[in-house]
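Let the hints inform the model, and build the full structure from the sequences given.
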Amino acid sequence: MPTPNPRKLITAHIATTLKTPDASDPPVFPTPVGGRVSDNDATPPDADGLNEINVVFVKETIDEFSQHQDGRRRRIMTVQIECYNSAGKDAVDDIAWAVEEAMRANPTLGNMVESTKFLDIGFFVVENSTDAMYCMVMTYEIIYWTHVVEEDGIPVTILLGFDPYTGPGNEDEYIDVTGNGPTV
Numbered sequence: 001m002p003t004p005n006p007r008k009l010i011t012a013h014i015a016t017t018l019k020t021p022d023a024s025d026p027p028v029f030p031t032p033v034g035g036r037v038s039d040n041d042a043t044p045p046d047a048d049g050l051n052e053i054n055v056v057f058v059k060e061t062i063d064e065f066s067q068h069q070d071g072r073r074r075r076i077m078t079v080q081i082e083c084y085n086s087a088g089k090d091a092v093d094d095i096a097w098a099v100e101e102a103m104r105a106n107p108t109l110g111n112m113v114e115s116t117k118f119l120d121i122g123f124f125v126v127e128n129s130t131d132a133m134y135c136m137v138m139t140y141e142i143i144y145w146t147h148v149v150e151e152d153g154i155p156v157t158i159l160l161g162f163d164p165y166t167g168p169g170n171e172d173e174y175i176d177v178t179g180n181g182p183t184v
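Take the sequence shown: its letters are residues 1 to 184, numbered as in the numbering used here.
Hints were generated in silico from the structure; no laboratory data involved. Please note: incorrect hints may appear among the correct ones.
With a straight-line Cα cutoff of 25 angstroms, these simulated DSS-like cross-link-like pairs (lysine-lysine) come out [claimed, not checked]:
(1) K8 <-> K59
(2) K8 <-> K117
(3) K8 <-> K89
Here it is in C-alpha cells:
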C-alpha cells in the first residue's frame, strides 16, 4: 500500500480544523466562514458575498541536517491560508483573525506536526467590472517528519570519530559524547 502524501493530509487537516464546529448547541464554528473551507487550490473563490477560506500547499524544503537518503526527514512546508470576502477589508480581516486564533490554539495540529509558525499576512483586492473580492493571504511554516520508523526510536548514543578512524572495525576509536557510557 502506498504511503499517503503528508502534504495533502496536513492541508486537509488544517481545512477540517477551520471548518469543524464545536459540540455546543447551537454549534459554533472556529471562523466566520462556517463550513466553507477548502484544501484544493483549484477551488475558485465565489463573488457571491459569502466568506470562504482555501488552504494551499506552496513549497517545501528538507532540513539540511536530515537529508539522509534512507533516514528520517524533517520537512519545512509553507502553507497559505487564503481568506476571501466580497463585503470589504474589515470583514476579511475578521476572518483572518479567527484563522490565526484557531491555528494558535492548535500549534501541532493534534500532534500531527512538530510545529506551526505564523510568518506573515498580505491584503489583496481583485476587481472586475461589477465585483470586488477582498483577500487576506496568511503564510504558515509547518514542520513535520517523514520516514520515521517507530520501532527504531531516536538514537540515544552519539558517536564522534575522526577520519581515517571511522566506520566498522574502528568503534573503539569513537568517543561517547552523550555520557551514556561505553559504546561497545
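Hint by hint, here is what the structure shows:
1. K8 <-> K59: holds (12 angstroms)
2. K8 <-> K117: With a Cα-Cα distance of about 18 angstroms, the restraint between K8 and K117 holds, given a limit of 25 angstroms.
3. K8 <-> K89: Distance of about 30 angstroms is beyond 25 angstroms: violated.
Hint compliance for this structure: hint 3 is the single one not met.
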